[in-house]
Each structure stands twice: as C-alpha cells, then as structure tokens.
Amino acid sequence: METEDTESCSGIESEHTDTLEPLLCWSDDGQSQPGGGGGEFIDEINATNAKKFALLLVLALIGYHGLLHWTYGRDSCKWILSDGRFKGDMGWQPYGCMMHQYSQVDTKKCMKYLSFWDHNNDFLFIGDSRIHDLYVTFVRHFAPNYKTDPGVTEFNNTLYMNENLNLNVKFIWSPYVGDLMYNTLNSLKLAKRSNANNTLYMNENLNLNVKFIWSPYVGDLMYNTLNSLKASRDSCKWILSDGRFKGDMGWQPYGCMMHQYSQVDTKKCMKYLSFWDHNNDFLFIGDSRIHDLYVTFVRHFAPNYKTDPGVTEFNNTLYMNENLNLNVKFIWSPYVGDLMYNTLNSLKNIDRPPSMILLGAGTWSMQQYNATALDHITEYSANLSRLVEAMDILSERKSRVIWNLQESVNEKKLSPEYEMITNQLIDAYNKAAIETLSSSDVIVWSSSRLVASGKLDEMRLGFHVAPQCLDIHVQLLLNVYCNDHMNFNDATCCSTPEQYSALQVLVYTGFLICIILTAILTLKQSVKFLYEEPTPMYIVISSLGKLGLILTYFYLCDRTNFFMKENKYYSQVSFWLPIGYVFVLGVFFTEDSRYIKILNRDQTDEWKGCMQLILVISHMTGARTQLPILNHMRIFASSYLFISGFGHFYYMWHRPDSGLVRYLQVLFRLNGITILCCVAMNRPYQFYHFVPLVTFWFSLLYLILQVPPRGNGNARYLYVSIKLLVLFGLVAVLYISEVFFEKVFVTRPWKALFVTTDDDIHDWWTRWKLDRYSFLYGCVFSLSLILIQKFNLIDDNTYSNLFSTKVTLVALFVAIGAICLNSTFAMLCSEAECTELHSYTVIIPILSYIVVRNISGRLRTRYSSLFAGLGRISLELYITQIHIFTSADTHGILTLLPEYPVLNSLVTCFIFICVAHEVSDCVCRPVLKKIVS
1 METEDTESCS
11 GIESEHTDTL
21 EPLLCWSDDG
31 QSQPGGGGGE
41 FIDEINATNA
51 KKFALLLVLA
61 LIGYHGLLHW
71 TYGRDSCKWI
81 LSDGRFKGDM
91 GWQPYGCMMH
101 QYSQVDTKKC
111 MKYLSFWDHN
121 NDFLFIGDSR
131 IHDLYVTFVR
141 HFAPNYKTDP
151 GVTEFNNTLY
161 MNENLNLNVK
171 FIWSPYVGDL
181 MYNTLNSLKL
191 AKRSNANNTL
201 YMNENLNLNV
211 KFIWSPYVGD
221 LMYNTLNSLK
231 ASRDSCKWIL
241 SDGRFKGDMG
251 WQPYGCMMHQ
261 YSQVDTKKCM
271 KYLSFWDHNN
281 DFLFIGDSRI
291 HDLYVTFVRH
301 FAPNYKTDPG
311 VTEFNNTLYM
321 NENLNLNVKF
331 IWSPYVGDLM
341 YNTLNSLKNI
351 DRPPSMILLG
361 AGTWSMQQYN
371 ATALDHITEY
381 SANLSRLVEA
391 MDILSERKSR
401 VIWNLQESVN
411 EKKLSPEYEM
421 ITNQLIDAYN
431 KAAIETLSSS
441 DVIVWSSSRL
451 VASGKLDEMR
461 LGFHVAPQCL
471 DIHVQLLLNV
481 YCNDHMNFND
491 ATCCSTPEQY
501 SALQVLVYTG
511 FLICIILTAI
521 LTLKQSVKFL
531 YEEPTPMYIV
541 ISSLGKLGLI
551 LTYFYLCDRT
561 NFFMKENKYY
571 SQVSFWLPIG
581 YVFVLGVFFT
591 EDSRYIKILN
601 RDQTDEWKGC
611 MQLILVISHM
621 TGARTQLPIL
631 NHMRIFASSY
641 LFISGFGHFY
651 YMWHRPDSGL
661 VRYLQVLFRL
671 NGITILCCVA
681 MNRPYQFYHF
691 VPLVTFWFSL
701 LYLILQVPPR
711 GNGNARYLYV
721 SIKLLVLFGL
731 VAVLYISEVF
741 FEKVFVTRPW
751 KALFVTTDDD
761 IHDWWTRWKL
771 DRYSFLYGCV
781 FSLSLILIQK
791 FNLIDDNTYS
801 NLFSTKVTLV
811 ALFVAIGAIC
821 LNSTFAMLCS
831 EAECTELHSY
841 TVIIPILSYI
851 VVRNISGRLR
861 TRYSSLFAGL
871 GRISLELYIT
881 QIHIFTSADT
891 HGILTLLPEY
901 PVLNSLVTCF
911 IFICVAHEVS
921 DCVCRPVLKK
931 IVS
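The numbering of the sequence shown is full-length UniProt numbering, which starts it at 1 and goes up by one.
One should not assume that every hint holds.
Below 25 angstroms or equal to it, Euclidean Cα-Cα: the simulated DSS-like pairs (lysine-lysine) are [to be verified]:
no. : residue 1 : residue 2
1   : Lys769    : Lys751
2   : Lys398    : Lys147
3   : Lys743    : Lys723
4   : Lys51     : Lys790
5   : Lys524    : Lys52
6   : Lys790    : Lys723
7   : Lys412    : Lys431
Calculated directly from the structure, the hints in this document are not laboratory data.
Using the sequences provided together with the hints, build the complete structure.
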C-alpha cells in the first residue's frame, strides 16, 4: 500500500513557507528534488552505479535462465516431477514452478472440464508396491474412504472408475521391469477404449465406481497400455523433477508455484474438463507403493474410501465418479514385465487412452533376487526398454505417461519382509530407469523421491511412503493435470502463460520505437551533451525508452514463465527475522533532521519507508495469511491514507499554487507509471488498488476545497470544517447503502476505474469500506494542527519537548499503552470483528504513534535516512514489488536464483529497489512538469 512523494509535506506554518519543499518531485525552478531521486541514503551509495550493477545483474540472470531453458527445456511438467524440496513443514515446492493444492472440488472440476472436451481421464499406474501406494493415494483423492490392506505386499490389478468425471485410474501390479510391463504396454497399442471389469467399488451417492483387477506380473499389458497413452511434450517438467521442503512449511517445487488443491478445487477442475468433453481417466500401474498413491488419490475425491492395510497383493481396482466423469484405475503389476507390456500395448490404439498413466515398479525385483538384485539391473533395464515404444505412442496421443522412480526406504525401520531392499539398490535401479527413459517422451518423476526422503521416519514398515508425502504426490499430479485448465493465480507449474493482447503489442511497439530513437539521438549527440543540457524532447523519449525496458522486464518476470516462481510459505522465523534486520538497519542510519516541526518531511518519509519495507516482507513471506499480522498490515495501509490526507490538506491550505495545474501534476505523479503498467501488463486499474484509493480521495478533497464558499480569515476555518463534516456524512451514506454505492461507482464513464476484469465492483467496495475514514482523519488532524499552531498552543519551533517532563512521560505511557492494547485486540479479534471496527479504531494507533514520535524533542528531530530515502520512492516500490519481487499477481515469489532462497531474496530486493529508483527518476524528470502543466 502506498502513497506518493507528493504526500509527504511538512507541518510548517504559512509564515515559514521558505522552508516548505514542493510536494512534487520537481521544484519550481525546474531542478530535481531529493524526493524524486530517492533521498540522501541512495545518493550516499551512488545510485547511478548501483543501477548499472543491477542492470548487469538482470542481463546475467536472463542469460542464466535462458541457459536453464536451453539445457532442461521449457517443459514445466517435467520440472514438477524431476526435483523439488520441502519448505519446512509447509508442503512440497516443485522445481521451477508453482504447484496448486488440488482439493476434491478442484480435481473434479478438472476432470469434468477435460471430459467435456472429449478427453478421457484415464490414469494407469504400473509397478510394484510403492506404485500401488501411490495409486491408492491417487484414488483416495477422489474417494477418501477407498480402502486397501496395508499388510499386502503383492497386489492384484486394480481399476478405480468415476463415470461422472469420466475418470479411470488403473493399477497394474508389475514389481519387475520385464515381460509383464512389456506386454502390458504393447497391449495398449491395439486395444479399444472399453469399460473395465473384475472387482468394482461403487458409491451410489457420488455415483462412483472403483474397479480392481488382479495382475501379479509386470509385462506386455503395461507396455501396450503406455504406448497407447503417449503424449506430446508440455510445460510440466520442473514440478516433477525437483523441489525442496521449506523448513516445516511444505513442499516447494523447483522454479514454479504449486496450487494446493482442495476437494472443491479438484471437483471444479474435473467438472470443467468434463464439460469440455475431456475424459478424466487416470491409470495407476505398479506395486504396493503405487497402490498407496492410487488410494490417496481416490480419497481426495472420496475421503471415506477404504482399503485393507494388511493386504500386500492387490486386485485391479477402478474408482468412478459419474458426476465428475472421473475414472481412476489401478492395475497390480509389481514387476516390470509382460503384464505392464501387455497393458500398455492394449491402450495404444483405443479411441481415448487415459489422460494420465503413472507407472512404477522395482522393489519386488529387489526382493525376488535378494543378494543378486544388482546383477539383474540389466534385465530390469531391458524389460523397461520394451515399454518405451508403447509409452512414446501414448505420449504422442496426449496422454501424460509418468514413470515414478522408487522412493528411498528407512533401512533402520524396515520390516523383515523388506530388509533386503536397500537404498543402494534403489539408487541403482532408479539410475537404470533414468538412463533407459532419457531418450523417450516419458516424464520421469524424480521429485517423488525427494518428497518421501523428507519424511523417512514416518514411513510405515520403513517401506511405504508416509501419508503426508502421498498427499503431496497427489497434489503434484493434480497440478500437472489441472493447472493449465484452471485459472489459479498461485499455480504456474504446468500452466500456460497469459496470452498478450493487441494493446500490449501496440504499447511495446511504441516503447521499442522510443528505445531506438534514444539510441540514435545518444549516438548522434553524445559529444554535444557533454557541453549542453539535453533537450526536452530527448529527455521525454529517453525516459519512455527506459520505462519501456523496465516494463519489458516486468512482463518477463510476471507474465511469462521465463523466470522461475515459487509459492509463499509463512513461518515465524521467515517473517520476524527480516523485520529484525530492517529495524537494526534503520537504527544504524539514524541521523539529525533539518526539520523540527510535528510530522515534518523527514518524519513522514521515514514512516512511509518503514511501513513499505514491512509490507514488502509480509508479501514475500505470505504473512498476510495470518490474521493478527493482516490486521497490523491494515493499520499500516490506513496510516498511508492518513499521511496522504494530512499532507495534501496541509499543502493546499498553505500554498497558493493549489489549482488545476498542481492537481494534474499530482494525478500524473500518482498514475503515470500505474497506467503504463495497466496497459503493458494487461491489468485493470483496480489491480493497483491503493493507487485508485489515494487518487479518489485526493480528487474528492481537491473538489470539496475548490467549490465555493471558500472565505478568508476565520470564515475559512468554518467553511472548511463544514465541508469536512459534509464529506463525513456523504461517506456514511455510501457505507449504509451498498446498492447506492454500486449505482454511483458503476455509472459510466468512470465505471472502468472501479471494476475488475470480471466487471465486479466488490473489491473496490471492500477496500473503500475498510478505509473510508482514514484519509479524512488525516485532513481533520491537519486542520487541528493548523489551529494549534495558529493559537500557539504548542511550540514545535525548538528542539525541546512539546510539554513538561511530567506531562511528556504520562503522554508517552498512555500512547504506548494504547498501541499495545490495539495490537492485543488485533491479535485476539475475529476477522469479521476486526473488519467491522477497523475504520473506527485505526485512528487510535495512528495518533498514539504521532504522540510517541513527536512529543519528545529528541525523537522529533531525528530520523532514519534509510527509511526516509525509501519512503520518497514508496509509490515506485509498491508498483515494482508487485511485478519483480513477488510474482503471479503477488501470489508467488520471483525466483532468480533457485535453490538459494536467502541469496535470491537479496538479489531480487536489490534489483527491485534500483528499478524503483530509476522509475522515479524517469517519471520525475523536470521536463515532465511542463508536459502536465
């Protein structure tokens, strides 16, 4: 939330207007003011060199990310399955993209949407018990009550069906990479789409069917199944390739943002896809681990889906949900052999192969060969290579074929039946699988291993993946399947970037012309500029050229997937530690102010800069999801409006140049870069919600002060007081009747300024209602201060305290107590209570802070040059942090240096501050004053 430099006027009486600095970033003599340049602090560190270094850093990062795209491809579907990390206990973060957390509703929406567009939501899991675990978890995403026997180590083929979602999730038991897998995959090549048989689980309320088919060997069936489902490459590489746990905050995929799908989200996805004739068919083929994943997947849709935890060999199972057109099938295939081969081959030529096929097997081979398992890796690779043809064919037919690498085991907790399985064996088998599948179109899901490794202590029997990790696996699969069809702001994994508009093409063409003209004029007149000032035309063109380059960087960071993005995860340490750093830095740069008045220029700039840094940290860490912190951030936003009302009123009262010219200058200062961002980034005016708020209230204040009667002398105080009372009354009327409010603001021609892209005015109503009095509080305080100074009730012309020592101590005690009480209320109240009372109670902490900051002469005459320097470019900081510090409409974090979160934060912060400073320079060039005048 932000106000602009024009708001930071000093509390200085009219007879001292010689010390009153202009509130715009240019002066009357045409020279740039410190307010436009970022202040003494920026000047001390040589802003020009800093911005040059930032430019070189941006170019280096563009080259680095271009190299990443060149090396690893632009397929974020492979990213999500290849790597990632846990963000503490806050979930899995895939490599390079954002992962949506699919609820049952999300998944069902996805399945229905795809089913509507004639996609068959068929998923095939082929593998050993781990693949079976994944299959079960996958099915449980649709049917949470789906049950399996956790004691079973050899599984039957299983098919889960959901007719409403057109979903089939099949598991084929194939613990070995051999004939069974080969035959399974080949069997998919010639098979036609048909309903599965064998064991069927049904839920009449949801119209769900889960089918179970016994297939103890991996072979031809898996091979045929995968061949028929071969799909073309897409954008889902990163989320499945890498990631990390962010402390205890969950999984963060590598380089992209992952949405957390709730049941509602998932159902929306399935219904949406089903509506467009997509078949939501999922097929799980593999062993007990794949079955576990299948069950978890089904339970996402049907939480009461039950299985027998003691079963180690599973039948084929089918879970169906007709409402979502969802079918989730599990085929028991613990070996990579004939069953897998035949299954995949049978799918190759069917009309509509499964939308997603998940396979995995290997641990049963390790168990069978025991001490000689390493000697049979060549056989495992050969059996797996038999499946490649079928899997590639299926990939070409738009099926996502995913091979799940074997997760590590907890060797210390392994039960006797699994004790021959070691992590050394698992790594060797995984290496063989990666080498075999590297030249195919199969997506190798490697991040599943990283997820499971983060919770080894929670593994059942030391072998079966922990339930929390299976839930993350399901979320990863749902992100791969649904993100590109759903419009979730916090999901960039597997999501196609927003298409550019014709207006954007026109705008960037204009910027390109300015850049070319700037280069030509610079080369032509470089010697001349050494002795003469640049012409106004050159300044305008060069400023537009610089803004064009900056907005291109904005677009590259925020509207494309060129740079990676990560989800926000809140933790106490990640929020409070940067706050502590910022506070220490602010104290370190404390110095004497040249002003001594109440709420002087340095003090208001410091106030804005400090709040802006805290707001940026809250955006970066996702702290606004915590209600107590959100309530305090609302107080900061209201404080900005208070400062704006105070500054504009004080300036208009004392300065004679408060006419139409200055009004246009302030509008340009507020909205120049904002409007450029609106057209260049294809965002509505309300997207930069604080700028419309400040613009609205400033325009209303200007209008009410300009209309007659205006008066002179004491009559002026009376007229202004009456006008402010009328303004309070008008606000109260608008608040009482939301219908009247909507009629006023949806009236043309200004409707476009107050509605979102969905033609909805609710966002404007919510923000306006929350701070409906904050700006007016600032105006009233400004008028009160003018009266106090007029009648000499306090003396703020000296460095001494405003009152006696006793009164000062009492006032400080009361003010600090009021701040503490307000903070306590903000931490304990409900969201509804805080929202309802905020507009009335926010004045308490604001006035209390003013008392603490000004009643003591020592505190009033010192300030932090760091905070003040940033406060003078607070508008630019607010705009730039939306696009090049956070990302995805502030729902994620821009990641320039993946896997180095602290260094990434420092680099992005440095770049965005330098960019904000340059934007301020471009907008505040002295010649622009003449243009808007």
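Hints and how they fare:
1. Restraint check for Lys769 and Lys751: satisfied, since their Cα atoms lie roughly 18 angstroms apart, inside the 25 angstroms limit.
2. Annotation: proposed proximity of Lys398 to Lys147 is violated, straight-line Cα distance about 31 angstroms (limit 25 angstroms).
3. About 23 angstroms separates the Cα atoms of Lys743 and Lys723, which keeps this hinted pair within 25 angstroms; it holds.
4. The hinted pair formed by Lys51 and Lys790 fails the criterion: a straight-line CA distance of about 45 angstroms is larger than 25 angstroms.
5. Distance check on the hinted pair: Lys524 and Lys52 sit about 22 angstroms apart at the alpha-carbon level, within 25 angstroms; holds.
6. In summary, the hint linking Lys790 to Lys723 is supported, as the alpha carbons are separated by about 20 angstroms, within the 25 angstroms threshold.
7. About 23 angstroms separates the Cα atoms of Lys412 and Lys431, which keeps this hinted pair within 25 angstroms; it holds.
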